[in-house]
Amino acid sequence: MIGVRPSPGDRRADYASKAAGTESRIAIRGPYSGGCWVRMRARLIHSIITAVFTILLAGFVTSTLVRRAPGFGVDEREFDPRLSEESIRHIREESRQLNSGTSGYYLQCLIRVLHGDLGDSLSFQRPIVELIRQRLPETARSIGSGLACGWVLGLVIAVTAASIARPGFDLFTSATALLFLCLPSSVWALVLVLTGKWEARSAAAWVIAIVIFPRVLRYARAILATTMTSPHVLMARAKGLGRLRLTWAHVLRPAAPALMALLGASVSVAFGASIPIEVICDSPGLGQLAWQAAMKRDLPLLIDITLLVSLLATISGLAADIAQPRLAAEENG
Amino acid sequence: MTILMAVYLAGLAAGRLAPAGYARQFRNAPAAPPSRQFPLGTDELGRDSFARLLYGSLVSLSLAPAAAALATIVGAAIGVSAGYLGGWADICLARLIDLFLSVPWLFLLMSARAALPLNVGPLESVTITFLLLGLLGWAAPARVLRAATKNLKDQDFITQAKARGCRPLRVLATHLLPNIRPVLAAQYCMSIPIFILSEANLGFLGLGVAEPLPSWGGLLAGLQNIDAVVNCPWRLAPLALLLLVMICFQILVPVEDAK
Chain A
16 MIGVRPSPGD RRADYASKAA GTESRIAIRG PYSGGCWVRM RARLIHSIIT
66 AVFTILLAGF VTSTLVRRAP GFGVDEREFD PRLSEESIRH IREESRQLNS
116 GTSGYYLQCL IRVLHGDLGD SLSFQRPIVE LIRQRLPETA RSIGSGLACG
166 WVLGLVIAVT AASIARPGFD LFTSATALLF LCLPSSVWAL VLVLTGKWEA
216 RSAAAWVIAI VIFPRVLRYA RAILATTMTS PHVLMARAKG LGRLRLTWAH
266 VLRPAAPALM ALLGASVSVA FGASIPIEVI CDSPGLGQLA WQAAMKRDLP
316 LLIDITLLVS LLATISGLAA DIAQPRLAAE ENG
Chain B
57 MTILMAVYLA GLAAGRLAPA GYARQFRNAP AAPPSRQFPL GTDELGRDSF
107 ARLLYGSLVS LSLAPAAAAL ATIVGAAIGV SAGYLGGWAD ICLARLIDLF
157 LSVPWLFLLM SARAALPLNV GPLESVTITF LLLGLLGWAA PARVLRAATK
207 NLKDQDFITQ AKARGCRPLR VLATHLLPNI RPVLAAQYCM SIPIFILSEA
257 NLGFLGLGVA EPLPSWGGLL AGLQNIDAVV NCPWRLAPLA LLLLVMICFQ
307 ILVPVEDAK
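Protein sequences appear in the order of chains A and B.
Going by this note's numbering, the first residue of the first sequence is number 16, and it counts up by one from there.
Going by this note's numbering, the first residue of the second sequence is number 57, and it counts up by one from there.
Hints are computed from structural coordinates only; laboratory data are not their basis.
None of the hints are false.
On the chain B side, residues computed to face chain A include the following (Cβ under 10 Å):
| # | residue |
| --- | --- |
| 1 | Asp154 |
| 2 | Val159 |
| 3 | Leu174 |
| 4 | Pro249 |
| 5 | Leu253 |
| 6 | Leu263 |
| 7 | Leu276 |
| 8 | Gln280 |
| 9 | Leu299 |
Because the structure is a prediction, the values reported are computed rather than measured.
From the three backbone atoms N, C-alpha and C, an ideal C-beta is built for every residue, glycine too.
From just these sequences and the hints, can you work out the full model?
Following this line, the structure appears as structure tokens:
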């Protein structure tokens, strides 16, 4: 390898750096080298069990929250002045039997959910499934486009900053990320509403992109900076590999598992940000529905939305978890 | 740090700098422009915007660190216990941490806030908001502290201390906690800006600190009156101050994940 001339177009240099890169990547990613498929399967099963357990536990905690919240089980008919004491007592007895202890209430909820019935919304007087089915596509669209835009923007800037490695550009990108991280998502939504006549859906997507992009930029920049100083990258660079090929094959691909983990986390951030964004941009999605439920204290609806969002965030995290070892395995050959 | 201290001290001296107070209404001067009497004008109800900004800064800058301290203490108790005890305790506590981390932060806050009575007085609303931030924001510090404790637990000096007959509580107090103090401090400092932003978001949504008590969230909610903001740009002062304070925090402690 010492005798290979470090010219940019030399295929032997490319192969040598590839081999060196693979060696160092195997060394870096020890847990997946050799028998990685067995470990991957074990990790996958462990992740799925953990996710299912977490969701069941989340269901129990949230149903306890609903069951123990002040005002739970109070029937509006109790305040009807026309009803006699005996009738009111009868109504109370009825609702007491209907809403048994916390564990009984959780079991009732669980059985209903397994049958695809989430109950009725107290404030909208409509089935919760119907409300969610109506609003979910809107949120999915804005979060999907926002994530895509935020990721593309963040990743492009991070890759550019990592590959050109100019202190001035680095400072500029860091300052930009810092500025965007300093204000809450609600303010960014307001800024967008103030500055242009956007359609509600596109405004929500753009604000989600604004929320996601600085996080992606900051993390990706840190991950890529670490990868850039890896021995295999230094060797490939010393052998004169082109900047584009070096970035794609030796920097981005080894960094892919870490970036996948970030993708899983960014879905949760996007869901969280969707509440103020959809409220301010007047986008009829799940975030706006959750806010309306909170303001009207419609706890069953709010809890169902929270559980659904947690489920989606957990699934995205799980998918990122599954993709990580697969990417690593591909890298290791 | 100097800027942060200056903003906090200005909040502490609000009574002297703006003697009108945050709730007094000057009914003859609603939506007044800046003047000697009202440096940042008044709002639609004739309340001194400068006084509201100072008191709001005091509320946010006093209670966010308090909530961060609570979250860090709870996180440390759970994370260090999980990491030190290991076994089933670790598995159960790790699942609890996973559970809190699996729910998007603002959904968790909003659900818990909505479960409590919404029509409460200003002081109760401040207490509820910042207690919720403190009691629900422990999961991220707990995860980091669990990992730090697990790393430390297998170090030679801990093994040696155990071999010399040190009791678990003594190992924790004299050997483990002093060594995870930098991690604790970092987690505490990272939580403060996160809680300030969370309060701002909650206030914007009408679920934060109740009127007439000001907070940055409540003051930012006033920006939703777009015409008023366009005609009176000095109403952007709370936004500028929040930006300044957050930039200072970001420079002091980079926020890894602003939830």
